Amino acid sequence: MSLNKQTTIPAALENIKSGQTIMVGGFGLIGSPLSIIHYLTEHDVSELTVISNNVGEKGEGLGLLLRQGKLKKAIGSYFTSNRDVAKYYNEGKLELELLPQGTLAEAIRAGGAGIGGFYTKTAVGTDLAIGKEVKEIDGEKYLLQKGLKADVAIIKAWKADPLGNLVYYKTAQNFNPNMATAASYVIAEVDEIVELGELLPDEIITPHLYVDAIVKSEWILTKDGVKTK
Amino acid sequence: MSLNKQTTIPAALENIKSGQTIMVGGFGLIGSPLSIIHYLTEHDVSELTVISNNVGEKGEGLGLLLRQGKLKKAIGSYFTSNRDVAKYYNEGKLELELLPQGTLAEAIRAGGAGIGGFYTKTAVGTDLAIGKEVKEIDGEKYLLQKGLKADVAIIKAWKADPLGNLVYYKTAQNFNPNMATAASYVIAEVDEIVELGELLPDEIITPHLYVDAIVKSEWILTKDGVKTK
Amino acid sequence: MRELIAERAAKELAPYSIINLGIGIPTLVADYIDDDLHILHTENGMLGVTSVDEEHIDPLVVNAGKLPVGEAIAASYFSSADSFAMIRGGHIDVAILGALQIDSSGKIANWAIPGRDIIGVGGAMDLLEGAKKIIITTSHTSNDGSPKIVDKCTFPITSQRVAEIIITELAVFNWKGGRYELTELMGDATLEEVKSKTTANYSINEGLLLEGEKV
Amino acid sequence: MRELIAERAAKELAPYSIINLGIGIPTLVADYIDDDLHILHTENGMLGVTSVDEEHIDPLVVNAGKLPVGEAIAASYFSSADSFAMIRGGHIDVAILGALQIDSSGKIANWAIPGRDIIGVGGAMDLLEGAKKIIITTSHTSNDGSPKIVDKCTFPITSQRVAEIIITELAVFNWKGGRYELTELMGDATLEEVKSKTTANYSINEGLLLEGEKV
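Protein chains in written order, with numbering that gives the first Met the number 0: chain X, 0 to 228; chain V, 0 to 228; chain B, 0 to 214; chain U, 0 to 214.
Here chain X stands alone, though its shape is the one from the complex (with noise of 0.2 Å):
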């Protein structure tokens, strides 16, 4: 297999344009794809939607992006952690949509699942479940919630083959897998990438239909925060 999907950040950016809908991995900056958010600084683009846990940190990971002005809204559910966001939010230069966790995560893998919209237990009767459908299936309240999928995921991987099949790290694994599946463009910054042959079939987590671009990650989250490699 001679395909080889490892690219540069900036080669793979031009996939993304203003007024998309971008999903972000990570968990705060864990396993956010640092480096790809960081080159996103320079890239010329707005309006921005992005479907992500948090808003990064205070001036940190899409935290940047934020500050730029870049983003026009943020759909996660939990923005409590960067400050920047509720006074982003309070003067009208943010929409936000919050979502418990759980039903982020399913929707964005319904939305690579070709699920339409799934039946949650999450929310009902709280105030996350004004103006949602309520379903009652035997005999227990559910709220629907449809899938999410977005124009380009940008997600942080551990190691990648060239054919783009991704193994992650620890708990920087998060909500990337499931991002991987459910963006039209899914670009994965990796911090090593391996010979064909070497990730073993019943390691790969993420199987390389779901990745167009790799990139090689330049900024990694250490003890001391975000580092140059």
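Don't take each hint at face value.
[Said to hold, decoys possible] Once the Cα atoms are required to be at most 27 Å apart in a straight line, the calculated DSS-like pairs of lysine-lysine come out as: (1) X:Lys57 - X:Lys228; (2) V:Lys140 - B:Lys151; (3) U:Lys65 - X:Lys158; (4) X:Lys140 - V:Lys145; (5) X:Lys140 - V:Lys134; (6) X:Lys145 - B:Lys132; (7) V:Lys72 - B:Lys65; (8) B:Lys65 - V:Lys158; (9) B:Lys65 - V:Lys57; (10) V:Lys16 - U:Lys131; (11) V:Lys16 - V:Lys215; (12) X:Lys69 - X:Lys57; (13) B:Lys131 - X:Lys145; (14) V:Lys131 - X:Lys134; (15) X:Lys16 - X:Lys145; (16) V:Lys131 - X:Lys131; (17) X:Lys140 - U:Lys151; (18) B:Lys151 - V:Lys131; (19) V:Lys134 - B:Lys131; (20) X:Lys92 - X:Lys71; (21) X:Lys140 - U:Lys132; (22) U:Lys131 - X:Lys131.
To be clear, the hints were calculated from the coordinates, so they are not data collected in a lab. Predicted model, so just to flag it, every value in this text is computed and none were measured.
Given the coordinates of chain X, assemble chains V, B and U onto it according to the supplied hints.
Same frame as chain X, now just chains V, B and U:
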């Protein structure tokens, strides 16, 4: 961790009672818990509803239980290859519920994941949509499928540790990891039980919290059919 | 005849496409593709299917027809739910499937025969719904000589979705502008022969018409 | 005080239960459990969480509070969707969570404060809905001294589901027959003190009453 879930097949089978719904792993005989099924032929049980892609093959695997008259109903996607199924069905001795294979797999996953139901485009406008709810989401038609759950799941894995972490063998995986999540009591038949810690965190497919009992396989599928080990 | 159809179908496959092969003629397509350029998916849970020698057969490594297969480099295995997530989610480029009937509206019937017990569907509906492109490979007529490419399916349809390409031992049809267009005659087949064995409404590509027949 | 509550909560945990710990006091429970008997799940994708020495900290191995954790023997990692499938699907035995308010009907408010922007929920609603048993660990009153165990939550509730156990620095309540029962006084707390700091309707276990107070 001193918990050891290994037990004997007869002891594990005490959890299977007449009238229950049982999920049975496997694609035909591949990845089917053949040893547990063998012991079930000697277990006093009847009126079972089985959820399984097929009813084994003719006179093999689940096909043995069909011939013993232990099955009341089968929910699956492809009953054609076991010709006994049509015979029992026509004689009114077996109820059938036919689902597209992807809908079956997703319904089992949903049952295990606390999803009450989901919308799929598969089967819209076909005979398998008769009597099912249709919903339009973002301009496209979808069918509602409820999640499936069972009282007991009998599955086949390759290796287990004593705590119940499981890994599967190649295409013998199929429905097994999904069924492991969707039953009140899960019995995993495995070819090998390894020391705690021998299965690496990154290779575990079914985390132990899904597994209630581990039993060693005695009958396996070989090139020459089902044989004792 | 079956080989001829399979070989022709293989020519439709773009490099590096992800392909799912149904049972029957579609399975034969595997013999005509370049393992280095095409990637086979099987819905029972494997990406990177290849052929296997008799001596290396593993009874636990099979395709959706339960036939032994081999493992290509960079292959992966996954659960049934994950496999159908790929199919339904639109991640399979091409599904090559057999058919009992195809009709003027592009609909396919390939899972059930009226009068017989309907007891199996397998992955047919998911594949027809989810794959980005559908190629139907089939004999042009049934064993009894009756047309399979008909005006309206009398067998239960598999999906509302249109199949883009039909390849038989006589002809190749492409879906275009709301109907099938006959784009190629196979072997020695003639327009007349195709016409006599096809009750579906279809157009004929200009290149296949004699000068006088063109509209 | 926080340690006292955490230590008491640990006593509620059956051997080999699968436990998810929320942020705050619940996180401290980890210090009082036996790693050989209890298994910790964290919703960001790990089963088999343990503590970690300063020198072995890996910035990419964290719990849901983004604090560094260690990997117990037989641990496993998984995606967010798989992790919440475990939670929502009823595969977590116990969730120990903090609360802003708990009311007479057993409902919990622990994700939003009226008047402040509602911009974070995380996994709170999933855990409260999906875990088999809920233990609430919280200070008995707010920083301003107002009761947290109230007649009716004035803060937005997290779920319609009832929390089975409440543990504070003053008391332990168990949900029983449609209301909370005060089953234990903590440290030197008295029935009077609990009564004065609790506006919820609750019953008192007979064993805690003096002979004359029993009904």
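Legend entry - In rising order, the numbers of the hints this structure does not comply with: Violated hints: none at all, because every hint is consistent with the structure.
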